[in-house]
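Q: Construct all of the structure, not just a fragment, from the sequences and the given hints.
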Amino acid sequence: MAAALPHSRLHLPLHTPSPTSRRRPCPRSRRRLPSFVAVSRLQNTTAATHPVLPPPAPPPSAALLAAEGASLAPRREHRFPGSVSSPTSTASASNEAEYAVLLRALQVRRAVAAEVLVAALGGGKVGGLTYIKNLTGRMGPFVDRVVVEAAAMRRDRPELAHMSFNARAKAYIQESGLVELVKWFKHNSMTYPQIAKVVCACSGDLGKVRKMIKWLRSIYVKGDFLGRVLANGGSFLNRSFEELEEIIGYLESLGVRRDWIGYVISRCPQLLSLSMDELETRVRFYTDLGMDKKDFGTMVYDYPRVLGFLSLEEMNSKVQYLKEFGLSTEELGRLLAFKPQLMACSIEERWKPLVKYLYHLNISRDGMKRMLMVQPTIFCLDLETVIAPKVQFLIDIGVRSDAIGNVLAKFPPVLTYSLYKKIRPVVIFLLTKGGVKQDDIGKVIALDPQLLGCSIAHKLEVQCGYPETKIPVLEACNGAAAERSH
1 MAAALPHSRL
11 HLPLHTPSPT
21 SRRRPCPRSR
31 RRLPSFVAVS
41 RLQNTTAATH
51 PVLPPPAPPP
61 SAALLAAEGA
71 SLAPRREHRF
81 PGSVSSPTST
91 ASASNEAEYA
101 VLLRALQVRR
111 AVAAEVLVAA
121 LGGGKVGGLT
131 YIKNLTGRMG
141 PFVDRVVVEA
151 AAMRRDRPEL
161 AHMSFNARAK
171 AYIQESGLVE
181 LVKWFKHNSM
191 TYPQIAKVVC
201 ACSGDLGKVR
211 KMIKWLRSIY
221 VKGDFLGRVL
231 ANGGSFLNRS
241 FEELEEIIGY
251 LESLGVRRDW
261 IGYVISRCPQ
271 LLSLSMDELE
281 TRVRFYTDLG
291 MDKKDFGTMV
301 YDYPRVLGFL
311 SLEEMNSKVQ
321 YLKEFGLSTE
331 ELGRLLAFKP
341 QLMACSIEER
351 WKPLVKYLYH
361 LNISRDGMKR
371 MLMVQPTIFC
381 LDLETVIAPK
391 VQFLIDIGVR
401 SDAIGNVLAK
411 FPPVLTYSLY
421 KKIRPVVIFL
431 LTKGGVKQDD
441 IGKVIALDPQ
451 LLGCSIAHKL
461 EVQCGYPETK
471 IPVLEACNGA
481 AAERSH
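Going left to right, the sequence shown walks through residues 1 to 486 as UniProt numbering numbers them.
Don't take each hint at face value.
[What the hints assert, rightly or not] Pairs of lysine-lysine residues, derived as DSS-like cross-links and limited to a Cα-Cα distance of at most 25 Å, are as follows:
{"hint": "1", "residue 1": "Lys410", "residue 2": "Lys352"}
{"hint": "2", "residue 1": "Lys222", "residue 2": "Lys208"}
{"hint": "3", "residue 1": "Lys222", "residue 2": "Lys133"}
{"hint": "4", "residue 1": "Lys133", "residue 2": "Lys183"}
{"hint": "5", "residue 1": "Lys437", "residue 2": "Lys390"}
{"hint": "6", "residue 1": "Lys339", "residue 2": "Lys390"}
{"hint": "7", "residue 1": "Lys410", "residue 2": "Lys422"}
{"hint": "8", "residue 1": "Lys459", "residue 2": "Lys443"}
{"hint": "9", "residue 1": "Lys183", "residue 2": "Lys197"}
{"hint": "10", "residue 1": "Lys352", "residue 2": "Lys323"}
{"hint": "11", "residue 1": "Lys437", "residue 2": "Lys422"}
{"hint": "12", "residue 1": "Lys459", "residue 2": "Lys433"}
{"hint": "13", "residue 1": "Lys323", "residue 2": "Lys294"}
{"hint": "14", "residue 1": "Lys318", "residue 2": "Lys294"}
{"hint": "15", "residue 1": "Lys421", "residue 2": "Lys443"}
{"hint": "16", "residue 1": "Lys410", "residue 2": "Lys437"}
{"hint": "17", "residue 1": "Lys410", "residue 2": "Lys323"}
{"hint": "18", "residue 1": "Lys459", "residue 2": "Lys410"}
{"hint": "19", "residue 1": "Lys421", "residue 2": "Lys410"}
{"hint": "20", "residue 1": "Lys222", "residue 2": "Lys197"}
{"hint": "21", "residue 1": "Lys390", "residue 2": "Lys433"}
{"hint": "22", "residue 1": "Lys125", "residue 2": "Lys170"}
{"hint": "23", "residue 1": "Lys356", "residue 2": "Lys369"}
{"hint": "24", "residue 1": "Lys390", "residue 2": "Lys356"}
{"hint": "25", "residue 1": "Lys222", "residue 2": "Lys170"}
FYI, nobody ran anything at the bench for these hints, they're computed from the structure.
A: Put into structure tokens, the structure is as follows:
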């Protein structure tokens, strides 16, 4: 029931007056109108009810429209004279839309191919789901290969044209033999990043990987190193076998024996990625130092990375630094043939701090040269963890600081001995069974540091067991102590 409206004091007329009706003016307010107004009203009866509108504005001119369009247009980019820029049009917008659709379709196909690959690896029992997903995530180029080949099967193989994209992708993965190859890689202790790197490096041609494995076995690369060679060899997977055989034959002609080749390639597979010009340049670098075929072959066998891993600039800088110790070219060649690991040491991080440390121990340049020629391993050792603790031990047992340099230059191999397995046991033996007093042990070592290199079982115990064959240094030291006591 509708609510009753409130009572209103406003009295509305019962009928709406017509627009033609005129309200009779009050006699008191009647005015006389000018005659021309009365005449106009007689001529136009609607003037009292409808106001007179102004005439319409004229249309804007073409110049005004052009000015407004120029003000609203974006600012033109600066271009150099002669440049060509095609204006944007509806055709380019439609092309961008088509490209976006194609890109989205390609992403969908990639996702589908990745799922098919995960299912194939899981069905082949390659590993757990996490392992398979991590492996697939690093095999983007191979997934793209699956997309391309699965699409090509529909055109090139009529018997598979009726199959879905998923089925064709699965068929290609099975035909490629990827699952068996991944299982073999994993059996040879390759990590999933290494497996993905090898699979992607061969451009999807897994048959070439199998042929490369067979060829590596023919040059005596052991099975434990096959995966490492394939993963770290760089781009040699894309080289022909004729080029690889040429490299092997060249190394054999330089003194690297055939049964050494497998070991050399296992330690430095980057050799297979070098061109013949690069390899000949590196070989000439060492032969110019006076190495013959025998020295060169043994050097490459001892440290294969000396030939294929370092850059020529780094090799030149290290040779020039070693020459600053006063080494001749022939001496440097013999040094590198004996200890090629020197080329792997850093000048800034290894050699310069060591030279500064030896200089503070009063070792001259000739003394450093002798240390380098007698025991070059010293220049490959870590200063803080290996060399400095041994020097501090010699100081602690009584060797004077000004005599440390003479001890090291006189017997450099002492820095290569183990502190706890060699040096300390010899010192303890001399103090307990050698008859050396604690105050004299530093002098004994300073007079004859070669004692620290003697074998306790085969040398020191034999000498101390027979008084008539006592070590001369011990006799001299004991005699000096007796004179001081008198």
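Q: If a hint holds in the structure, say so; if it doesn't, say that too.
A: How the hints compare with the structure:
A threshold of 25 Å between alpha carbons decides the hint, and for lysine 410 with lysine 352 the separation of about 22 Å falls inside it, so the pair holds. The suggested pairing of lysine 222 with lysine 208 holds, with an alpha-carbon distance near 19 Å, which does not exceed 25 Å. About 30 Å separates the Cα atoms of lysine 222 and lysine 133, which puts this hinted pair outside 25 Å; it is violated. Our distance criterion of 25 Å between C-alpha atoms is met by lysine 133 and lysine 183, whose separation comes to about 15 Å.
Our distance criterion of 25 Å between C-alpha atoms is met by lysine 437 and lysine 390, whose separation comes to about 21 Å. Taking the CA atoms of lysine 339 and lysine 390, the gap is near 23 Å; set against the 25 Å cutoff, the hint holds. The suggested pairing of lysine 410 with lysine 422 holds, with an alpha-carbon distance near 18 Å, which does not exceed 25 Å. As the CA atoms of lysine 459 and lysine 443 are separated by approximately 20 Å, the hinted pair is consistent with the 25 Å bound.
The hinted pair formed by lysine 183 and lysine 197 meets the criterion: a straight-line CA distance of about 15 Å does not exceed 25 Å. At most 25 Å may separate the alpha-carbon atoms for a hinted pair to count; lysine 352 and lysine 323 meet this at roughly 14 Å. Taking the CA atoms of lysine 437 and lysine 422, the gap is near 20 Å; set against the 25 Å cutoff, the hint holds. Distance check on the hinted pair: lysine 459 and lysine 433 sit about 13 Å apart at the alpha-carbon level, within 25 Å; holds.
Simply put, lysine 323 and lysine 294 have alpha-carbon atoms about 23 Å apart, close enough for the 25 Å limit, and the pair holds. Taking the CA atoms of lysine 318 and lysine 294, the gap is near 23 Å; set against the 25 Å cutoff, the hint holds. Proposed proximity of lysine 421 and lysine 443 is supported: the alpha carbons are some 22 Å apart, at most 25 Å. Our distance criterion of 25 Å between C-alpha atoms is met by lysine 410 and lysine 437, whose separation comes to about 23 Å.
Under the criterion of a C-alpha separation no larger than 25 Å, the hint pairing lysine 410 with lysine 323 is consistent with the structure, at around 22 Å. The suggested pairing of lysine 459 with lysine 410 holds, with an alpha-carbon distance near 20 Å, which does not exceed 25 Å. For the given pair, lysine 421 sits about 22 Å from lysine 410 by alpha-carbon distance, which is consistent with the 25 Å threshold. At most 25 Å may separate the alpha-carbon atoms for a hinted pair to count; lysine 222 and lysine 197 meet this at roughly 20 Å.
Simply put, lysine 390 and lysine 433 have alpha-carbon atoms about 23 Å apart, close enough for the 25 Å limit, and the pair holds. Taken as a hint, the lysine 125 and lysine 170 pair is honoured in the structure, with Cα atoms around 16 Å apart against an allowance of 25 Å. The straight-line distance between the Cα atoms of lysine 356 and lysine 369 is roughly 14 Å, inside the 25 Å bound, and the hint therefore holds. Taking the CA atoms of lysine 390 and lysine 356, the gap is near 17 Å; set against the 25 Å cutoff, the hint holds.
For the hint pairing lysine 222 with lysine 170, the CA-to-CA distance comes to about 34 Å; that exceeds 25 Å, so the pair is violated.
Checked against the numbered hints above, the structure breaks hints 3 and 25 and satisfies the rest.
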